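All chains, full assembly: derive it from the sequences and hints.
Take a look at the letters that make up each chain.
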Amino acid sequence: AQTVTQSQPEMSVQEAETVTLSCTYDTSESNYYLFWYKQPPSRQMILVIRQEAYKQQNATENRFSVNFQKAAKSFSLKISDSQLGDTAMYFCAFIPTQGGSEKLVFGKGTKLTVNP
Amino acid sequence: DSGVTQTPKHLITATGQRVTLRCSPRSGDLSVYWYQQSLDQGLQFLIQYYNGEERAKGNILERFSAQQFPDLHSELNLSSLELGDSALYFCASRGGADTQYFGPGTRLTVL
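So the sequences go chain by chain: P and R. Going letter by letter, the first sequence gives residues 1 to 116 in my numbering. Going letter by letter, the second sequence gives residues 1 to 111 in my numbering.
Simulated from the structure, these hints should not be mistaken for lab results. Only a predicted model underlies this, so the values are computations on that prediction, with no experimental measurement involved. It cannot be assumed that every hint is accurate.
Straight line, CA to CA, 25 Å or less: simulated DMTMM-like cross-link-like pairs of lysine to aspartate or glutamate [claimed, not checked]:
(1) 111/P - 1/R
(2) 73/P - 15/P
(3) 73/P - 98/R
Here is the structure:
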């Protein structure tokens, strides 16, 4: 079974500081995509960043970057210069590129609070 | 704004009733996915349609059904509603590289 585990139910960080959210996953697939989605209090699911498993280079989107360790099946999200608007639930998700299954498998989420 | 629209935003109904949730995917996207987000189960995949055809099924109850129309909008029908069906229902459409973009969701409350 394909699973995604987020071991930190809640985290907090001071504004302007850096925080790292952890995610591990389990799959026998060799090709897949990994995502981080953000869900602010508005409940909208917003794509933060995407990583293709066959690419060794870690993805970066402005203040957001990932540390992708394929052998360890680890996919952490680093948020630099944290802003109050980063307060949200963050979900790690996985989808294989082959095998016919196109559903996203989500972790349980990490609730991040950015304090002023 | 993801480009995926969902109506209604909120729905309050009674047990035993039937409701229909509507989703319009992003322009050009052929795939539509439905997910349920509840407090105890987290985000669960329900069903996927591709260009009008059912492509994959997840943990969807028999009381629930969906379809995708020729104009690519999709509807999720929930019947014989129970208290436990109260949840946030998301629709997503797939762009390039297996990226799914989510609509704003429909919050269903069953009383």
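Task: Numbered hints the structure breaks, given as an ascending list - done: 2
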